[in-house]
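Could you put together the complete structure from these sequences and hints?
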Amino acid sequence: QVQVVQPGAEMRKPGSSVNVSCKASGGTFSSFAISWVRQAPGQGLEWMGRIIPILGVTNYAQKFQGRVTMTADRSTSTAYMELTTLKSDDTAVYYCARDRGGRPFGYWGQGTLVTVSS
Amino acid sequence: QAVVTQEPSLTVSPGGTVTLTCGSSAGAVTSGHSPFWFQQKAGQAPRTLVYDTSNKHSWTPARFSGSLLGGKAALTLSGAQSEDEADYYCLVSYNGIGVFGGGTRLTVL
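Chains as they are written, first to last, in this note's numbering: chain A, 317 to 434; chain B, 7 to 115.
Please keep in mind that the hints were generated in silico from the structure rather than gathered at the bench.
The C-beta atom is built at its ideal place from N, Cα and C for all residues, glycine as well.
Computed Cβ-Cβ distance ranges for the label pairs, DEER-style:
(1) Gly382(A) x Tyr100(B): 13 to 21 Å
(2) Ser404(A) x Ser15(B): 23 to 31 Å
(3) Gly358(A) x Tyr100(B): 20 to 28 Å
(4) Leu115(B) x Lys329(A): 42 to 50 Å
(5) Ser88(B) x Asp405(A): 32 to 40 Å
(6) Ser60(B) x Gly331(A): 44 to 52 Å
(7) Lys379(A) x Pro14(B): 19 to 27 Å
(8) Gly342(A) x Glu91(B): 24 to 32 Å
(9) Gly417(A) x Ala32(B): 22 to 30 Å
Reference excerpt, derived from the structure (chain B facing chain A, CB under 8 Å, subset only):
(10) Gln7
(11) Ala51
(12) Arg53
(13) Thr54
(14) Tyr57
(15) Asp58
(16) Leu97
(17) Gly102
(18) Ile103
(19) Val105
(20) Gly109
No more than 20 Å apart at the CA atoms, straight line, and that leaves these computed lysine to any residue pairs for SDA-like:
(21) Lys379(A) x Val9(B)
(22) Lys329(A) x Lys403(A)
(23) Lys62(B) x Gly418(A)
(24) Lys329(A) x Arg383(A)
(25) Lys62(B) x Gly417(A)
(26) Lys47(B) x Tyr423(A)
(27) Lys379(A) x Gly108(B)
(28) Lys47(B) x Gly360(A)
(29) Lys62(B) x Gly422(A)
(30) Lys379(A) x Ser31(B)
(31) Lys47(B) x Ala356(A)
(32) Lys379(A) x Asn101(B)
(33) Lys379(A) x Tyr100(B)
(34) Lys47(B) x Gly108(B)
(35) Lys47(B) x Gly324(A)
(36) Lys379(A) x Ile103(B)
(37) Lys379(A) x Asp405(A)
Quick look at the structure:
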């Protein structure tokens with residue numbers, strides 16, 4: 317049974333960074349890609365990027381290039397999404413999702429609310 | 007970057023049929039763009055209904071189906087139920103980069 321677990325919430329100050337974790341249990345972690353999506357309060361979904369742990373390959377949305385880094389620790393089956401130079405409009409729920417059957421977004425985490433406020 | 011467009015809101019009667027569409031400013035949406043459809047209910051994480059235009063997961067109710075229609079991706083709901091009231095998002099991929107549509111709020115009334 318696949319489970320994707322994220323922390324519930326993080327608080328940061330403007331200008332700082334956040335590193336959101338995503339632990340995916342069930343199956344061989346490195347064989348599956350992890351996608352990251354965010355949703356600002358009352359807004360739609362926004363694709364941020366994707367990492368394939370076994371290849372160490374990442375794709376990022378142009379909007380986040382230079383500010384986002386996605387990594388994966390195969391020893392703990394945990395993926396991470398670091399976003400730097402945070403601004404108030406980075407306040408959002410950040411979701412990760414693991415592949416299923418070789419296709420993205422098979423299993424979703426419950427999301428991590430990141431609040432950026434002074 | 008392409009802009010992906012969806013109807014902001016739609017209403018369907020219980021038991022009725024409705025089609026949600028997903029278009030792109032970059033031209034026709036094709037199977038090569040691997041369109042996905044997601045359902046999100048209030049306060050919940052999204053759930054994937056359809057991937058690669060028309061493929062369903064084991065949890066996708068049979069009343070949902072995906073297709074291509076007139077240069078757009080489409081999600082058809084046949085026999086709407088009250089539990090289908092939710093926000094629906096499409097995702098289109100351009101060379102490995104995903105772009106979500108703005109979402110459609112579906113009301114069953």
